[in-house]
Amino acid sequence: MIELKSAEEIELMAVTGEFVGELLAELSGVAAVGVNLMDLEHYARRRINERGAESCYWDYAPSFGRGPFRNVLCLSVNDAVLHGLPHDYVLRDGDLLSIDMAVGIDGWVADSALSVVVGTPDPADLRLIEATEVALEAAIKAAQPGGRLGDVSAAIGEVANAYGYRVNAEFGGHGIGRTMHEAPHVANSGRPRRGLKLEPGLTIAIEPWLCHSTDKIRYDKDGWTIRSADGSRTAHSEHTVAVTASGPRVLTRRPAHGTASPDHPEKSATHS
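Oh and the sequence shown: position 56 is 56 in our numbering, straight run, nothing missing.
Keep in mind that the hints are not guaranteed to be accurate.
Said to hold, decoys possible - Think about it this way: if two alpha-carbon atoms lie no more than 25 Å apart in a straight line, the pair counts; the simulated DMTMM-like pairs of lysine to aspartate or glutamate are:
| # | residue 1 | residue 2 |
| --- | --- | --- |
| 1 | K141 | E22 |
| 2 | K216 | E170 |
| 3 | K141 | E8 |
| 4 | K141 | D39 |
| 5 | K221 | D39 |
| 6 | K141 | E11 |
Simulated from the structure, these hints should not be mistaken for laboratory data. These numbers come from a predicted model, not from an experiment.
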């Protein structure tokens with residue numbers, strides 16, 4: 001069942017979305033060569049606790065994982081793209097890191113992800129990240145009232161194809177609001193003018209993710225981390241978006257520049 005949100009409920013989701021966007025910006029600033037993934041995880045745990053928010057990941061236990069997840073971030077490095085389980089790993093020069101998080105505040109959820117390169121970037125990695133970001137913006141633009149869900153999915157697929165990347169259809173975006181995963185499923189490829197009619201009040205997480213040279217994936221032994229099947233680099237971008245009468249509204253838009261922790265004033269992550 002798809003629940004359309006009222007204008008007041010969207011404003012409550014926007015409060016959560018603002019926090020998610022701010023924290024992701026902070027984390028992208030903290031991420032640097034020599035930083036351990038668990039440092040990022042514990043930084044996020046502290047900030048979430050200080051805000052009085054609740055992680056949607058901590059008790060997350062889907063059929064494909066070895067749940068519960070028992071962390072607040074998905075941290076995926078290099079060939080890992082989704083559900084990266086935080087672990088004892090020190091970031092190295094040139095690593096491509098994807099950070100994904102979802103939290104709830106006062107019963108309303110927001111979900112977002114970004115990818116960055118720490119240290120010296122490889123132009124091919126920056127192009128891959130750019131493709132996911134351009135695809136995300138195209139999908140957001142397509143989320144117009146009166147349109148169709150297929151318009152959103154097709155926009156992602158068209159950008160991916162224009163960049164020369166193939167789309168994996170096993171995982172995509174989703175409805176969101178009172179819980180992290182609601183109907184409908186938002187595929188990363190599709191046909192325009194097909195599917196669910198987009199009505200004001202629909203809230204969805206749009207999340208294009210791409211592998212550099214394959215559309216196949218494999219799972220780590222941890223039961224969570226999803227990697228490109230051929231070991232090529234990956235990237236992931238995501239926003240929570242509300243369809244409104246005046247057009248799409250991004251609820252998790254980040255500040256223009258990431259804010260580093262006072263304990264980590266350096267900012268070494270590179271965005272496309």
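Hints versus structure:
no.	hint	in the structure
1	K141 to E22	holds (22 Å)
2	K216 to E170	holds (9 Å)
3	K141 to E8	holds (23 Å)
4	K141 to D39	violated (35 Å)
5	K221 to D39	holds (23 Å)
6	K141 to E11	holds (20 Å)
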